[in-house]
Amino acid sequence: MISPNSMVTPDQLVRVVQTMAPEINVKETCYGCLAESDAKTMAAVMKKVREQYGNEVFSKVRGYPVGDPRRCRAQHGTRPGFAQLEAEWETLPLIQSALDAIDAGDTAYVAPVEKKPLPVKDLKQISEAYR
Amino acid sequence: MKIFIDPPNSMILFDLVERFGHEPLSSMALIQEKVDNIEVDMPPMNVTLDDVVKGLKYAGVEVPSGIRGRLAIWGPMIEAADAAIIIENPPFSFGCVGCDRSNELTKYRIKRRGIPALTVQYPSSEEEAKTMVGQIKDFLGGLKE
Chain F
1 MISPNSMVTP DQLVRVVQTM APEINVKETC YGCLAESDAK TMAAVMKKVR EQYGNEVFSK
61 VRGYPVGDPR RCRAQHGTRP GFAQLEAEWE TLPLIQSALD AIDAGDTAYV APVEKKPLPV
121 KDLKQISEAY R
Chain S
1 MKIFIDPPNS MILFDLVERF GHEPLSSMAL IQEKVDNIEV DMPPMNVTLD DVVKGLKYAG
61 VEVPSGIRGR LAIWGPMIEA ADAAIIIENP PFSFGCVGCD RSNELTKYRI KRRGIPALTV
121 QYPSSEEEAK TMVGQIKDFL GGLKE
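Keeping their order, the protein sequence lines are chains F and S.
Just so we're aligned, residue 1 is where the first sequence starts under the numbering used here, counting upward by one.
Just so we're aligned, residue 1 is where the second sequence starts under the numbering used here, counting upward by one.
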């Protein structure tokens, strides 16, 4: 899946991925592409994609094969996966910028404050202060 | 190392874990095995009787079958995991994580197994994203075989 901040188009991505390995099945989609091959080939392809596109392209394993009639819209499939992808698609530019910052050597971040339950003694003090 | 991700269908977590050199355990990979091995029909038919029986190990018989069905898939992954990363409060419509009781049981199973676990938040700003990615990088970098 291509980050919304990227200037890469699905068409460009498909053409590049197609040339990365023999015997790979690639399908263009509105958000990037689906690629299908054996696990070893896919690992090699993903390595090459990350080298070429850095933090602009994200990936995950897909449950169903490319063009599966139970899922593919072209064959009136149910296509529930896109709603899931869309939920995280909006966050990808933020993740991309964070990864870019780490690659640039900026590894500092603000550690989140750990929330702890309020001790009864403190709660009592607060309550009494407003009595 | 094998990292259980929660939400188990999260692309962000799957990608980050793989990017930082570990093996993510996701529900997609398990569904893929099912789709490849046995013929699965439309979504309501995805859970087989065997799965529901398998789920009994992780959720009692009085627990709704939807939770048991989910845990039949997530439970073995938690058992196989060396560590876990959890994103708090995913959108409720985010696929299989719409059931809060299943999410609570999943977190409980992770805690009970005693494996190293990191809890992060979905980011809403660049600073928060830096915190999330930085935490995940440090957590995965600090894991030892």
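A few of these clues could be false.
Said to hold, decoys possible - Below, a list of computed lysine-lysine pairs in the DSS-like style, where the Cα atoms sit at most 27 Å apart: (1) S:Lys2 x S:Lys137; (2) S:Lys2 x F:Lys48; (3) F:Lys40 x S:Lys34; (4) S:Lys2 x S:Lys54; (5) S:Lys54 x F:Lys115; (6) S:Lys107 x S:Lys2; (7) F:Lys40 x S:Lys57; (8) S:Lys111 x F:Lys27; (9) S:Lys111 x F:Lys115; (10) S:Lys57 x F:Lys116; (11) F:Lys115 x S:Lys137; (12) F:Lys40 x S:Lys137; (13) S:Lys107 x F:Lys47; (14) S:Lys144 x F:Lys40; (15) S:Lys111 x F:Lys47; (16) S:Lys34 x S:Lys57; (17) S:Lys111 x F:Lys48; (18) F:Lys116 x S:Lys111; (19) S:Lys34 x S:Lys2; (20) S:Lys34 x F:Lys116; (21) F:Lys47 x S:Lys137.
If you're looking for bench data, these hints aren't it; they were derived computationally from the structure.
Numbers of the earlier hints that this structure fails to satisfy, in rising order: Of the numbered hints given earlier, those the structure breaks are 5, 7, 8, 10, 13, 15, 17 and 20, listed in rising order.
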